[in-house]
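2 protein chains.
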Amino acid sequence: MPSGKRGRFPKGTPVLDAARELGVYVESVCGGRATCGRCQIEVQEGHFAKHKIVSTLDHISPVGAKERRYVEKRGLAEGRRLSCSATIEGDLVVDVPQDTVINAQVVRKSPIERIIERNPAVQLCYVEVDEPDMHKPLGDLDRLKAMLEKDWGWEDLLVSQHIIPKVQSILRKGNWGVTAAIHQDMESSRPTIIALWPGLHNEAYGIACDIGSTTIAMHLVSLLSGRIAASSGISNPQIRFGEDLMSRVSYVMMNPDGREAMTKSVRAAINTLIEKVCAEGNVKPEDILDAVFVGNPIMHHLFLGIDPTELGQAPFALAVSGAVHSWGSELNLAINLGARVYVLPCIAGHVGADAAGAVLSEQPHHQDRMMLLVDVGTNAEIVLGNSHRVVAASSPTGPAFEGAEISSGQRAAPGAIERVRIDKETLEPRYKIIGSDLWSDEEGFAADAERLGITGICGSAIIEVVAEMYLAGIISEDGVVDGSMAARSPRIVPDGRTWSYQVSNGRQQITVTQTDVRAVQLAKAALYAGIKLLMEKIGIDEVDTIRFAGAFGSFIDPKYAMVLGLIPDCELSEVKAVGNAAGTGALMALLNSSYRREIETVVRRIEKIETALEPRFQTHFVDAMALPNKTDPFPRLSEKVELPPRKLLSAAGEGGGSGPRRRSREERAARRART
Amino acid sequence: MPSGKRGRFPKGTPVLDAARELGVYVESVCGGRATCGRCQIEVQEGHFAKHKIVSTLDHISPVGAKERRYVEKRGLAEGRRLSCSATIEGDLVVDVPQDTVINAQVVRKSPIERIIERNPAVQLCYVEVDEPDMHKPLGDLDRLKAMLEKDWGWEDLLVSQHIIPKVQSILRKGNWGVTAAIHQDMESSRPTIIALWPGLHNEAYGIACDIGSTTIAMHLVSLLSGRIAASSGISNPQIRFGEDLMSRVSYVMMNPDGREAMTKSVRAAINTLIEKVCAEGNVKPEDILDAVFVGNPIMHHLFLGIDPTELGQAPFALAVSGAVHSWGSELNLAINLGARVYVLPCIAGHVGADAAGAVLSEQPHHQDRMMLLVDVGTNAEIVLGNSHRVVAASSPTGPAFEGAEISSGQRAAPGAIERVRIDKETLEPRYKIIGSDLWSDEEGFAADAERLGITGICGSAIIEVVAEMYLAGIISEDGVVDGSMAARSPRIVPDGRTWSYQVSNGRQQITVTQTDVRAVQLAKAALYAGIKLLMEKIGIDEVDTIRFAGAFGSFIDPKYAMVLGLIPDCELSEVKAVGNAAGTGALMALLNSSYRREIETVVRRIEKIETALEPRFQTHFVDAMALPNKTDPFPRLSEKVELPPRKLLSAAGEGGGSGPRRRSREERAARRART
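Chains A and B, in that order, are what the protein sequence lines are.
Letter 652 of the first sequence, counting from 1, is numbered 652 in the UniProt record's numbering, and no numbers are missing.
Letter 162 of the second sequence, counting from 1, is numbered 162 in the UniProt record's numbering, and no numbers are missing.
Because identical chains share one entry, a pair is satisfied inside a single copy or across any pair of copies.
Heads up, simulated DSS-like pairs for lysine-lysine below, C-alpha to C-alpha not over 25 Å straight-line:
id, residue 1, residue 2
1, K264, K166
2, K630, K424
3, K608, K150
4, K537, K136
5, K640, K576
6, K608, K136
Source of the hints: derived by calculation from the structure; they are not laboratory data.
Put together the whole structure using the sequences plus the hints.
Shown next as structure tokens:
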């Protein structure tokens, strides 16, 4: 357990051997010497009707001398046994704990809830090497290799260059007992000794990192137990070169050393984050032996030191789309000198390794049902598919969903409005601010507001307030703030030739302007048009399930996203936020190299749609400017939410009229969204 | 020709395809586009009785359009054809020239006389890559790989890290036509793109380097044609850390930064030498893509950045004995960033990669006859064997053979005595000095001597003068300068309690002292004792053929070496100097990677004898102190040279007597020689 694999073995078979024979991954560093403590298992006692066996502690061998020595020296939790020493003496249900903790480290709650079957690319192997012998003058390294072949079956080992000068002193320091870290990512590649320590070395870590345009997120995880030691994030310092990706590409184009400066900057930030997770997890950076990275194509290129200019113009050519195998030292990462790096493949010029990570995490390709996977950022990356077929595209949503280009927009921080409700009768708003649990109409809110301030509207609340304005009839189906409502509420205020809605009028005026509504419309129309293209490509009218990846998805209410028509109609219970799915995919690829092969295969299979090349994108975009959509019905949403009656208005400030001129403005917007 | 391989092919088969099918190596960079000119062949016309065919120019297709374009643009020597374009139309004897010269480079006379069949680890492959396509968003690198697989059959290509950031600009600069250098050293390793150029790149070079303690020697060779572009040498600057190897090991032991300083120093010298051979051969250092190194174990370790201290004390443990695969950039070599490095395996703690190179060059393991291969330096490396069995050892000859520790010894330079003859009647010497073609008793010598000076005795002449002294009866069988001869000649002069022989008494007194003779005896006894151990190990009394490798062997007269008993009795015509055999072996491994596999296999098979562990070494050493030897007869030598009658003397200054005290001195010497 938990794999459920079963088999028959002769009495006296070590549990570890049985596990290996069944293909169940149980770590062992010391090679059965009962010194590393990595191969812990537990026996489940009881009558297991399902398996038709009775499993009891009598069916496992008693603790022997070697195991007792380990227990006395290091201790072992109640019920735990070392599977290299305990032998099978009868029917057993054996549990392989997924949190094996050595040296009494603190166990933290894992931020990833799933259990990832482990098969890391790096393995620790302890060996006792023959001492030098004048009669058989094999070199130190050669005798080490011979023993790694004899004890662990590693043939034809390569050796990281940095180890060669150190072999002799490490062997002598360990009194000829050493632990080697062996990296083998795939069957066809030759295994390599990437690190070497004197004596038994019982710690091997990896990092899984998602390099976002705004935030870099990282998990630090034990490759031996799968335990997440720390998870953290840091701002991407490239922001000083440009908020959004395209302005960073421009920076590279305009500045001779721009690419190099950006590469240095992102790698430095990653090193800072490595320091941070290591401090948090109490792990030495030299114990990090493997690293997996995902990121959008531009971050991917800049991290690898590649000029991203080509990604800023058609045909949006990636310099490299396949998975990249590299070394930490090549990328100047402050981890073990021999550490390896794996970068997930990119799907297309606008659909990066981060989208590949999200696909790996959410596994649409293993589903019978049709899954829509959306990662909303400055660019929305959209994947749609099931086990038969997967298609992908990106849509230029712009920064509105991140709170930029919104008059009262701000980052999610204390004092920012994060929830909004508008009374359909009075048009009065209620809201919550980050840092307070109270709604603005509840007792005690005033004190909280006094303390925290009411400073702006954060990205996710933008969706909510515009949707609520629409549901309350403050804005029309085509997104115009209805000035005639000013008669009903002082919250509707004139703003030049257009109207705004006043959410809060405390120390700071917080209003939603006509321009704000337009920005949200443009962003959501781009996203929806991209989704529609993929649905058309596959030939479906509806999706079965929707996954929102990324921070944005975690905070928005699916209902409001659907009211605004960001996403197609779907059962609300089937719309789920999955957090940093890209990072989870990276973690999976870190802990199990077969996931690397899986995503490489899937990415080759994914059909890519370039929205800029699709003539129907513009039509879908124009239709999607309406709330929730000009042509598509939202029957499932209508069951849950009372949508307002149709109301078409034109905003005075925009020149009025819904004739040709209006049309042409939307077309311009569509064109803008596509470049 | 020259391989002699033959086969039948359908009419119309391109000659290049036929060659490949037969396993004959014919280079091609452009992949059959008739643009690189590397696949040149010549048709031999005539009636070939041996092959029972008539080969005529009518049997090869006429020059077609593509080939004509090449000829017009680049020119082609009379009789040459491009085998990618010329097809077989009848019986042909085809010559594959071993000197294919492109772009009218000067052909130099090759310092290596043998023809080395080529199969280099690096191959150039020109491809035309698909342009980027938004509908199939494969990355630039991925499309390059796809084309290298399609056109050249390379599957599963890896890529050198330094190329990744450059791929996009190189592809665009070459207008999607690029030349990739692919490195694959062995079947089991994955091929790797190590360099990339825009357009057709038609030059690929390699260096083969022997890192000697005194001199570093290098060949620069075209990997495409096998042509040696330059060969040169440079002094090993480590000499400032210590003349001999052991003093360099001491330097490392005594100085905290000693190892690093020595490594830097030898790598810098290699880079200087690379500049030198590149200037000489008119080759760009960036066109060097592969490098093969040999060296004694201490140079091997220092070059690779390994502390050699362990090699200075029992059990003389090598840090690494097997072949080392590395990168030029890892070793700070100033060659192409992606260039590979291969270092031949070491045989034992005192028998290095240089000895392995000499074995590869002289191939005792492919001989039926018993070959003795000796490389004399401060340490003599000795290999003995044939196709059944090969044994190896080293013997601590000390620096006497290099002219050090000899009172009048000096480097081989103008004015140094290089040849000596002593008249058996008058005991008068005749000699030649470097820089003059005359013997000292010939007319005109005085003028040469006036011009050049007579400055000392060079290493090789030391052997000759001591041997001539012995043949003239000036020294006894046990190496004592016979003071009683002073009565016969004023050349025998007292020197404290011993006697010296005066070779020249011009401006500089040049004498051979008793101490000089002793130094030569100690050195030659150590060498001979080592050889005897190996002969005993194999169970033979005589060897069939002897090879002297190294500079020393090139200058000594085999006869005198045998008179002194450096080497065992053998037909004099079977004693050959083979020059820098280690360097030749490196060159072979550079031009043909199957030689790498061959020497790796042979080295594993070679039985190593540690002279310090063999109790019989001392006995052999003491016997070998005598001239030519106390116990071994030299029947073949005696047929050619009249050896003097036995004469035993003891040198007064050494305490006299041949009793226990004398014995113990020789034993001390033997012990000294073994530590």
